[in-house]
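Number of protein chains: 4
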Amino acid sequence: MPEPGPREVLVEIAAVGVCGSDVHYYEHGRIGPFVVERPLILGHESAGRVAALGEGVTRHAVGDRVTLEPGVPCGRCRECRAGRYNLCRDVRFFATPPIDGAFANYVTIHEDFAFALPDAVSDEAGALMEPLSVGIWACRKASVSPGDHVLVTGAGPIGLLAMQCALAFGATAVTITDVSEARLELARRTGATRALHAGEDVGEVDALIECSGHPAALASGIAAVRPAGTAVVVGMGPEEDATVPLSLIQGRELWLTGTFRYANTYPTAIDLVAQGRVDVEAIITGRYGLDEAEAALNAGREDPANVKAMVVPRR
Amino acid sequence: MPEPGPREVLVEIAAVGVCGSDVHYYEHGRIGPFVVERPLILGHESAGRVAALGEGVTRHAVGDRVTLEPGVPCGRCRECRAGRYNLCRDVRFFATPPIDGAFANYVTIHEDFAFALPDAVSDEAGALMEPLSVGIWACRKASVSPGDHVLVTGAGPIGLLAMQCALAFGATAVTITDVSEARLELARRTGATRALHAGEDVGEVDALIECSGHPAALASGIAAVRPAGTAVVVGMGPEEDATVPLSLIQGRELWLTGTFRYANTYPTAIDLVAQGRVDVEAIITGRYGLDEAEAALNAGREDPANVKAMVVPRR
Amino acid sequence: MPEPGPREVLVEIAAVGVCGSDVHYYEHGRIGPFVVERPLILGHESAGRVAALGEGVTRHAVGDRVTLEPGVPCGRCRECRAGRYNLCRDVRFFATPPIDGAFANYVTIHEDFAFALPDAVSDEAGALMEPLSVGIWACRKASVSPGDHVLVTGAGPIGLLAMQCALAFGATAVTITDVSEARLELARRTGATRALHAGEDVGEVDALIECSGHPAALASGIAAVRPAGTAVVVGMGPEEDATVPLSLIQGRELWLTGTFRYANTYPTAIDLVAQGRVDVEAIITGRYGLDEAEAALNAGREDPANVKAMVVPRR
Amino acid sequence: MPEPGPREVLVEIAAVGVCGSDVHYYEHGRIGPFVVERPLILGHESAGRVAALGEGVTRHAVGDRVTLEPGVPCGRCRECRAGRYNLCRDVRFFATPPIDGAFANYVTIHEDFAFALPDAVSDEAGALMEPLSVGIWACRKASVSPGDHVLVTGAGPIGLLAMQCALAFGATAVTITDVSEARLELARRTGATRALHAGEDVGEVDALIECSGHPAALASGIAAVRPAGTAVVVGMGPEEDATVPLSLIQGRELWLTGTFRYANTYPTAIDLVAQGRVDVEAIITGRYGLDEAEAALNAGREDPANVKAMVVPRR
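Residue numbers (our numbering), protein chains in the order written: chain A, 1 to 315; chain B, 1 to 315; chain C, 1 to 315; chain D, 1 to 315.
Simulated from the structure, these hints should not be mistaken for lab results.
Glycine residues also receive a C-beta, built at the ideal position from the N, C-alpha and C atoms.
Some hints here could point you the wrong way.
[Stated by the list, open to error] Incomplete in silico selection of chain A near chain D, CB under 8 angstroms:
| no. | residue |
| --- | --- |
| 1 | Thr193 |
| 2 | Ala242 |
| 3 | Leu256 |
[Unchecked claim] Computed beta-carbon distance windows for the label pairs:
| no. | chain 1 | residue 1 | chain 2 | residue 2 | range |
| --- | --- | --- | --- | --- | --- |
| 4 | C | Gly199 | D | Asp90 | 47 to 55 angstroms |
| 5 | A | Ser143 | B | His197 | 35 to 43 angstroms |
| 6 | A | Gly289 | C | Pro6 | 41 to 49 angstroms |
Using the sequences and the hints given, assemble the complete structure.
This is how it looks when you write it as structure tokens:
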């Protein structure tokens, strides 16, 4: 049982989502420069109840239901001061070595990175504020605007939530692509205006949100973007480099960028779910106890229809 | 019967909305620097069917249902080149002296300012793309974003549509204020999360969209805006000057701006209505034949519950 | 002699500028909601040498010459996270009650708010990074861009530095206005392309930076701004409210905002001075010892030609 | 002798710069999708004197000295309305098949695309407003801001002018790289704070402006950009695709874009030169008569020290 430090809260975890990065650490022991060198508790999509307060906490009371933004930045470096705290090099982020994560009964976190959940948002939905934040951030980077046609490539958990976000941002057409019919079917049920097999022609779009990590999806997705539109790369592929259609980027003055986590998204995420604009629970395809965490980690690899596994410690 | 010039289409008008500016010209013969010096056909919220094509038209065919963006800018001046064509000083705008408007059986317009209507959008809804554009433009200026709380002051036709636009832009809370209970009730029916009598406390909001033209609404509305938020003035009051809380604008670094018509809104407006994101027809409270135009112009003044009168020439 | 806390540095002050707000506190004991209730050390424009290091300091060494950003924000609130740390409600700002300032031999500050000065920047110039930051921030808010014509109203220390900043931002014409011929002459010597007596016609400008606090300067300045241009209010007048030409703001879609301190400006300020783009020392019109601080505070009131008094403790 | 149409001016050409695209058309007969199928007059960097006025011209008088913005867009399409007229698909652009250019004694152009030259700007400088516009546009896309450190890769005419533009935008450090010592020396003479041989380490920069067309310059240049910075590709390489460091783009949330011509740059370009902020004539390395145009086209290929050849018809 960890002790909450000054301005920290102790949170009893009620639900944790399994993310592809958890699976990757579990299988490979590293993600790029982040290497697991000691036993590491995974899990960074979490919600729970405040169980104790550290010194000086004023924002929460014991018993409050909260979702946890898993990265606590330094608050003072150039990136933090500029409002880009997701790029802080001194961030302490759950389940990124050497910081432990939330596949646990209890965690501690700075009170300002715990956000109160309204009654309309369940614990499991609360845990999914984290991948939803990834989707919100991608839509912000893509400047998704009312009336836009957005292409989301990849219908995994991030792609499915980015798709719902795009609709919540006012996009009136969202095309999603994948190789899995099960995932496309889930996309249709959760609002996609069009769900296509990867490789089919999509016409012209205002923005691309690439969530598959596939180089071909990126290249063909960029080629679909209208002049002055934006392509945002969320999915991480196996290679450090990628081939992009540079003459198109020049001739159409496209913008290409990528996302790294998110900043200033949690209040928005909570509001969107509380008001029914996004249905995060729709992507949950399996629930596991804390002692079944390994099965939860393996679920997605076994069947692409297993989109999002939730670990529920008290199950 | 006007003759369409090169690249113009002749449009048989199917529906025209009555705007407050029409009423103002009718009653006062001027709006600020724009003075009616000769007989002027009013009406600038219109939709209809293409009846004939001028030389070189390629964008439309006879029979197409279209809505008309009523201002055709010069396309070459500093403002036009910068994409701010609503500020073009050489714009020719329906029902702004000396340009005639659309309370007529037929009008001509450059083909690029007629926009095809999908089947999901009625003629009357098509006519209302114009005031909807005012709402879209206000939301763009206010940078309305998902999760925002927006305050709309004034529940006339523009306020009611700006409110729906804010929701379509992702705002999860929209408070609207007015002095008319009938208008507040219509606001509630069309999605307002809160409809208050003018003067009630609204708390903190991310943005203000002022649509009433009342100086008090502007001053108190600005005082409700959060640090770094925006106040957009759409409503025109009786005075050229206004008193604003400057020390708040400075201390919170607020942004205050106003709107003059709109630019690049029609495709968005059509998509939002076609996809059911905005219900423009909900604000229609009366329909009149072309020979009843005077009654249509008087309707709003007689009863604030008469929000939007439509003139339907073939009625 | 204060003790530096964790991550704080002790700085021996070498130069402090006198700001109008210091004078105001000295004369009136308050500025708006900020009331001096106990003895308060004034001064927030300061530079000096690091004399001792608190625990954990890594950014500076004893002997380093530094300029001090006088406001240390909380780093965690909504405003801080969004990069708007100047709007942090929990900021601790030098010489704003109850926080003491820098008219002292020694002060302490968090190491991240002390910035190293290159040899090309003198101690006095270092102290003036603070008012220069106000000018930079105003130019950012005004979106001053290469080729712009900028109007600066008021040729006090802030107006004079904002004028130089506008030139450094690429403005090719900067008109400055004042009622004091001595100040206008100083403006001409420091680069103003035009220096006019307040009230003279200035033609059309891309942006207004209001530094005089005079309501008439604001109203007439706004009237000079081109369509879609920006008016930034820096000067604080005697009244909380102001009368603005609202119909112009609407008809031209102008943007009106105000500034409150600044954020993320110190590195830029230092670079601009080090590279000779801005000459901050040109506005210094008097130097005083620490025991002459009262005379320094009175200097500006006695003669408008006394633009910027510097307190030099070791003088 | 061409006849000026309505709102066109006839311009007697006084100076025309030779651009790499002219050379490319001359040698290869095409640039990407633009193929020379009939005899084509090259040259699109031009200035001269108004020799006659078409019907309805009000902006110029016979004898006026003007520079010519060589692309006249349609003014009505989606891109034009949005202010992105450089992306207009119906633009008529000098020396882009099938539109003739300015290696001629006389040309005609719409009066709004001829800009008056002040006395401080020579004819040759006037002609170079075109490549200067490319540099301005690149700096705008790169959001070059005061205090920035900018990397320009490639010290040909565009790179050299982009470098000067970056300084005029307030950058306090501009590093330029090339393989030619002669070009680096010219860069140093015209203000580069650092001129390095391609491949040397440049440290961290705020923005990259790639002007060499070399894939390696792009890849290594991107790797130098700070978190959240921008890389703008101006130079056109031999391949349609490029390999970029995608994991860096994601991990640092970089922005990559390209430029295609420019929009709304001519007034800025003229002001910058007239005020001495940019010295365009410094890059002129050879002058040729109209009958020496072939030699002018070949000059750059023969020696990289030949940066910019000017054709002076009356020479």
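These are the hints, each one checked on the structure:
no. : hint                                       : verdict
1   : Thr193                                     : violated, 21 angstroms
2   : Ala242                                     : holds, 4 angstroms
3   : Leu256                                     : holds, 4 angstroms
4   : C:Gly199 with D:Asp90: 47 to 55 angstroms  : holds, 49 angstroms
5   : A:Ser143 with B:His197: 35 to 43 angstroms : holds, 37 angstroms
6   : A:Gly289 with C:Pro6: 41 to 49 angstroms   : holds, 42 angstroms
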